[in-house]
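> Each chain, letter by letter, is given below.
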Amino acid sequence: MPEIQSASGDAQLADESFRTIGKTYVDQPRMTASQVNVYYGDKQAICDVSLGIARNEVIAMIGPSGCGKSTFLRCLNRMNDTIAGCRVSGTIRLDQQDIYDKRLDVVPLRARVGMVFQKPNPFPKSIYDNVAYGPRIHGLARKGVELDEVVETSLRRAGLWTEVKDRLAAPGTGLSGGQQQRLCIARTIAVSPEVILMDEPCSALDPIATARIEELLVELRKNYTIAVVTHSMQQAARISQRTAYFHLGHLIEVGETTRIFTNPQHKLTEDYITGRFG
Amino acid sequence: MSVAVLLVILLGLSAFYLGHARAVRTVGGAHSIRRLHSLPAYYGWYLALWVILPAGAVLLLWGLFQETALTAWITASLPAQQQALPAAELGLLINDIRNLAAGNITAGQVTPEIQAAAAQLQQWQQTATLARIAVILALTSLIGSLAWRAIQPEMRARNRVEWIVQALLILSSSIAVLTTVGIVLSVLFESIRFFHKIPITDFLFGLDWSPQTALRSDQVGASGAFGAIPLLAGTLLISGVAMLVAVPIGLMSAIYLSEYAHPRLRQVAKPVLEVLAGVPTVVYGFFAALTLAPLLRGLGESLGLEVASESALAAGLVMGVMIIPFISSLSDDVISAVPQALRDASFGLGATRSETIRQVVLPAALPGIMGGVLLAVSRAIGETMIVVMAAGLSAKLTANPLEAVTTVTVQIVTLLVGDQEFDSAKTLAAFALGLLLFVITLALNIVALKIVRRYREHYE
Amino acid sequence: MNERQQAVYATVQASLRRRYARERRFRALGLGAVILGLSFVLLLFTDIISKGYSAFVQTYITLPVYFDPQVIDPNEQRDPAQLARADYRQLVRAPLRALFPEVKNRRAKRQLYRLLSTGATYQIRAMVLADPGLIGQTRQIALLADDDVDMITKGHVDQATAEERFGADYRSWLQQLTRQGRLHTRWNIEFFTAGDSREPELAGIGGAMAGSFYTLLVTLLLSCPIGIAAAIYLEEFAPRNRFTDLIEVNINNLAAVPSIVFGLLGLAIFINLFGLPRSAPLVGGLVLTLMTLPTVIIASRAALQAVPPSIREAALGIGASRTQTVFHHVLPLALPGMLTGTIIGMAQALGETAPLLMIGMVAFIVDVPNSPLDPSSALPVQVYLWADSPERAFVERTSAAIMVLLAFLISMNACAVALRRRFERRW
Numbered sequence: 106m107p108e109i110q111s112a113s114g115d116a117q118l119a120d121e122s123f124r125t126i127g128k129t130y131v132d133q134p135r136m137t138a139s140q141v142n143v144y145y146g147d148k149q150a151i152c153d154v155s156l157g158i159a160r161n162e163v164i165a166m167i168g169p170s171g172c173g174k175s176t177f178l179r180c181l182n183r184m185n186d187t188i189a190g191c192r193v194s195g196t197i198r199l200d201q202q203d204i205y206d207k208r209l210d211v212v213p214l215r216a217r218v219g220m221v222f223q224k225p226n227p228f229p230k231s232i233y234d235n236v237a238y239g240p241r242i243h244g245l246a247r248k249g250v251e252l253d254e255v256v257e258t259s260l261r262r263a264g265l266w267t268e269v270k271d272r273l274a275a276p277g278t279g280l281s282g283g284q285q286q287r288l289c290i291a292r293t294i295a296v297s298p299e300v301i302l303m304d305e306p307c308s309a310l311d312p313i314a315t316a317r318i319e320e321l322l323v324e325l326r327k328n329y330t331i332a333v334v335t336h337s338m339q340q341a342a343r344i345s346q347r348t349a350y351f352h353l354g355h356l357i358e359v360g361e362t363t364r365i366f367t368n369p370q371h372k373l374t375e376d377y378i379t380g381r382f383g
Numbered sequence: 008m009s010v011a012v013l014l015v016i017l018l019g020l021s022a023f024y025l026g027h028a029r030a031v032r033t034v035g036g037a038h039s040i041r042r043l044h045s046l047p048a049y050y051g052w053y054l055a056l057w058v059i060l061p062a063g064a065v066l067l068l069w070g071l072f073q074e075t076a077l078t079a080w081i082t083a084s085l086p087a088q089q090q091a092l093p094a095a096e097l098g099l100l101i102n103d104i105r106n107l108a109a110g111n112i113t114a115g116q117v118t119p120e121i122q123a124a125a126a127q128l129q130q131w132q133q134t135a136t137l138a139r140i141a142v143i144l145a146l147t148s149l150i151g152s153l154a155w156r157a158i159q160p161e162m163r164a165r166n167r168v169e170w171i172v173q174a175l176l177i178l179s180s181s182i183a184v185l186t187t188v189g190i191v192l193s194v195l196f197e198s199i200r201f202f203h204k205i206p207i208t209d210f211l212f213g214l215d216w217s218p219q220t221a222l223r224s225d226q227v228g229a230s231g232a233f234g235a236i237p238l239l240a241g242t243l244l245i246s247g248v249a250m251l252v253a254v255p256i257g258l259m260s261a262i263y264l265s266e267y268a269h270p271r272l273r274q275v276a277k278p279v280l281e282v283l284a285g286v287p288t289v290v291y292g293f294f295a296a297l298t299l300a301p302l303l304r305g306l307g308e309s310l311g312l313e314v315a316s317e318s319a320l321a322a323g324l325v326m327g328v329m330i331i332p333f334i335s336s337l338s339d340d341v342i343s344a345v346p347q348a349l350r351d352a353s354f355g356l357g358a359t360r361s362e363t364i365r366q367v368v369l370p371a372a373l374p375g376i377m378g379g380v381l382l383a384v385s386r387a388i389g390e391t392m393i394v395v396m397a398a399g400l401s402a403k404l405t406a407n408p409l410e411a412v413t414t415v416t417v418q419i420v421t422l423l424v425g426d427q428e429f430d431s432a433k434t435l436a437a438f439a440l441g442l443l444l445f446v447i448t449l450a451l452n453i454v455a456l457k458i459v460r461r462y463r464e465h466y467e
Numbered sequence: 036m037n038e039r040q041q042a043v044y045a046t047v048q049a050s051l052r053r054r055y056a057r058e059r060r061f062r063a064l065g066l067g068a069v070i071l072g073l074s075f076v077l078l079l080f081t082d083i084i085s086k087g088y089s090a091f092v093q094t095y096i097t098l099p100v101y102f103d104p105q106v107i108d109p110n111e112q113r114d115p116a117q118l119a120r121a122d123y124r125q126l127v128r129a130p131l132r133a134l135f136p137e138v139k140n141r142r143a144k145r146q147l148y149r150l151l152s153t154g155a156t157y158q159i160r161a162m163v164l165a166d167p168g169l170i171g172q173t174r175q176i177a178l179l180a181d182d183d184v185d186m187i188t189k190g191h192v193d194q195a196t197a198e199e200r201f202g203a204d205y206r207s208w209l210q211q212l213t214r215q216g217r218l219h220t221r222w223n224i225e226f227f228t229a230g231d232s233r234e235p236e237l238a239g240i241g242g243a244m245a246g247s248f249y250t251l252l253v254t255l256l257l258s259c260p261i262g263i264a265a266a267i268y269l270e271e272f273a274p275r276n277r278f279t280d281l282i283e284v285n286i287n288n289l290a291a292v293p294s295i296v297f298g299l300l301g302l303a304i305f306i307n308l309f310g311l312p313r314s315a316p317l318v319g320g321l322v323l324t325l326m327t328l329p330t331v332i333i334a335s336r337a338a339l340q341a342v343p344p345s346i347r348e349a350a351l352g353i354g355a356s357r358t359q360t361v362f363h364h365v366l367p368l369a370l371p372g373m374l375t376g377t378i379i380g381m382a383q384a385l386g387e388t389a390p391l392l393m394i395g396m397v398a399f400i401v402d403v404p405n406s407p408l409d410p411s412s413a414l415p416v417q418v419y420l421w422a423d424s425p426e427r428a429f430v431e432r433t434s435a436a437i438m439v440l441l442a443f444l445i446s447m448n449a450c451a452v453a454l455r456r457r458f459e460r461r462w
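Chains as they are written, first to last, in this note's numbering: chain E, 106 to 383; chain Z, 8 to 467; chain H, 36 to 462.
Please note: incorrect hints may appear among the correct ones.
[Claimed, not checked] Examples of chain H residues lying across from chain Z (beta carbon under 7 Å, computed):
#1 Arg-62
#2 Leu-64
#3 Leu-71
#4 Asn-288
#5 Leu-300
#6 Ile-346
#7 Ala-349
#8 Thr-388
#9 Cys-450
Hints in this document: simulated from the structure, not taken from any laboratory. In this text the structure is predicted, and so the values were computed from the model without any measurement. The beta-carbon is built from N, C-alpha and C at its ideal position, and this holds for glycine as well.
In isolation and in its complexed conformation, chain E is listed as follows (with noise of 0.2 Å):
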């Protein structure tokens, strides 16, 4: 298998079989890139991935470790910005807005594309302000009974509410790590954000706390947009609508998750699925 590095990256663009199997675009798409590249200093992490997200829809990334899905997904609201040496070529669309654009704001991009991340990541601060910290910065809402409408609203809508009502007060961190990352879902949520990104966020988890995440998105994807990357495909054929297949920073197969857990096209999709390796 070729190492991804620049020097060589040009002539893997023209190998035949790392271009892309399925329909990358999509009709109605919320999120669009275009033949996007990331590099990590010297190494290249993302070669030329095109791939659409349509609205109201959960698309799963799966693939083996370092197969830079990840990457991949913190390009979409430009968390790689806060990694220093990452660079980011190639266009992603917002509604037809060029996030890359030089004149794009970050601040009102990540309020837009909000991201529940592996670990549960709770401030250590009460649950109510957890939630309300976003309204906050941004001014959503200011008097005190705006406010709690947003953080019930957004704690009812993540699950958590009936667990937590109680004690409101208490820090986030005393919660259970299932309930710490819903929490943090609630956390997203109540920006009002009109995609979520979720990268491996059940990995921390035992199966019962997984199984409730799952419902849950089930339920938000009427709301939401969602890209979730998962280690699992299981998950990914439980929750998603579409999926991709990432290897070695290359999009590989992109297309409906029955298709691609069923009939895979591809010889890297087919193995890892069948779990030669992964």
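We have chain E already, so just place chains Z and H on it with the hints.
Frame of chain E, contents of chains Z and H only:
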């Protein structure tokens, strides 16, 4: 001294050689050293350690106590009327005798008695030097021969040597404990004697400090007043000014350097700021007294303010500058210990960098920063040279930083530097202040270290 | 975009200006703090250097000195004892009188003689004692000028003040000397070799440097082995028990005990209890040893921790005892780190003043000490002593002494950094 040291070294070397040789000989030559329990060198070490350690101990103890003992004897040999002299004069007399014996010039008149005493002292010193060598030789030959006999093929020389080495290591680490004990005892004993003269409540709660005890009881202010409150107030005032300078600047520069600065700026600025921590305090004191204080006075005059030439402000400002790197490097540690995940979460919600720092990073780092600030306060309270050179001597209860105040450390130095009479309340007061200082800084440190440790555990 | 989302987007857009303004303010505040901190460093160094650099040169007045046999050796015996006793003041005064014949009255003459330092007399005496053949000859000799002349020449005292303080004549004398090319400055080597003096132009840091050297020597000889041994014990052998905890707590707390308290310990224990001599570098070294031990121990422990456990396991695995493992394998690897810590501890000790005041190393000592038992001062203490002196010339000398002190400290720290770089290992 050097002859005895040389002797011990020579004894050690020969003991190593002898032990080594004997071990080889007991098994009948170099070809069968495998019959020895340990390598022959360990037998050498074994004998050498048993020679050097007792001899070294004798050397050390002798050095520590010879002069004290000789002084006591020479005092006892003086005529009765001279022994009855006051302590200070007797001390001078003894000094003269010593100087005469050492062949130096004497301060006082050389009377026949002094001459005789000096001759006596000289003789004793020579005897002592010889006696020390004799004792060392006797002791080493006694212990050495016992250890020599113990060298047998089946003796576990390595284990024994390692046991001695271990004991030495333990002894070395115990010095830390001994130091603390030494500090506590040395300030405590003198303090207790002080509290016999001045009630402890007067010391702790007294509002008046004027340690100038008069020579005659009929003079004004003969008693002297030993209330520590004005000193503590002055200390706190100066430390407060220092913290007002150090905490904002130190914290903000730590934030800027760790969260905003270009790596190249950080690479240059961090070590340059650290330079401030390495500058000796006496240099800061010089700067405060000769540059900043006149500057502030001039500035105050032009504004119509009266600034004392030894104002708390000048001392405090400079002390603050000294503490900046301390605060900034501690804050830097604490801030970088805040997990990146929390920053990501905040950025992911669309927070700006400053919102993230102020509302997520700083609250998370607060306990650690508090601990660091407490450590800095303890350092400010114990700082001596800056205040000795730039703060005043007058004990005043004031919150005005433009006035001159004095501090605990300044008073300790003032009371103990120069001619001192032992047992006077004045001298003993310095130790009581030392005890106070030790207790306060110790308490601050314990609390601060506890906070910092708990904070570290929280994020590990 | 649904309604809520649109509202959010609008609000966020509207808030941006305000939020970015706050961001800029915060950032500017941080940059300001850094710049302020850096400018303090700059200010401190420029202040010290601008005050002190001129102390490295010294003003001399070149005069034709006639080594008058009548004054030096009227009996022509060339007896060294007689030569040493002669009144050399006359020799240095005569050329001054010759140069300024107009000075007649006694007060003015005394003023005139004060152009030269008392050191000039010693200078002539030393020359005669070294070479009695000079007697009867006339030589142009650069004689040490008084500190006031030195200060005026270097421009530290402006003309107006000088005239006010020393009178108009004084100024014209100096002007005449300058015109004749008799007034000049040269490299001040005496500053580095001489002991303390009440006369600024004679005062040097030689004695203080020797005192600091002996003090540090004692400190190094004690704190290095003891600190390393303690670190080895705590890191490699100590069982987890209360005694070990006690030691650890003590080390951590000692690191934060004010230095002056160590001075009190030295005074009470080493001087009053053991009767060791006051003002001696030996006692200073003992006190500083106790003070720097925590630094050395903590650094040495860090160095030991940096040695990976695999090295120990490898040694133990081939049958070495614990002691052998530590002394043959771990210690050599940790030694550079330990030395770095020791150097940093020594730098700390070199700059320390307060405990030395407590044990009497503040006495006025003219002689350069020759052993750790001679009374002496130390470099930072010398700074403290001189800083108290009112003469302008002492301000210059103090700053110069600080420059020397800082030069030592910076080179020690540079050594430590270099050592760390050189031996830094990534496992």
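> If a hint holds in the structure, say so; if it doesn't, say that too.
Going through the hints against the structure:
{"no.": "1", "hint": "Arg-62", "in the structure": "holds (6 Å)"}
{"no.": "2", "hint": "Leu-64", "in the structure": "holds (6 Å)"}
{"no.": "3", "hint": "Leu-71", "in the structure": "holds (6 Å)"}
{"no.": "4", "hint": "Asn-288", "in the structure": "holds (6 Å)"}
{"no.": "5", "hint": "Leu-300", "in the structure": "holds (5 Å)"}
{"no.": "6", "hint": "Ile-346", "in the structure": "violated (19 Å)"}
{"no.": "7", "hint": "Ala-349", "in the structure": "violated (19 Å)"}
{"no.": "8", "hint": "Thr-388", "in the structure": "holds (4 Å)"}
{"no.": "9", "hint": "Cys-450", "in the structure": "violated (13 Å)"}
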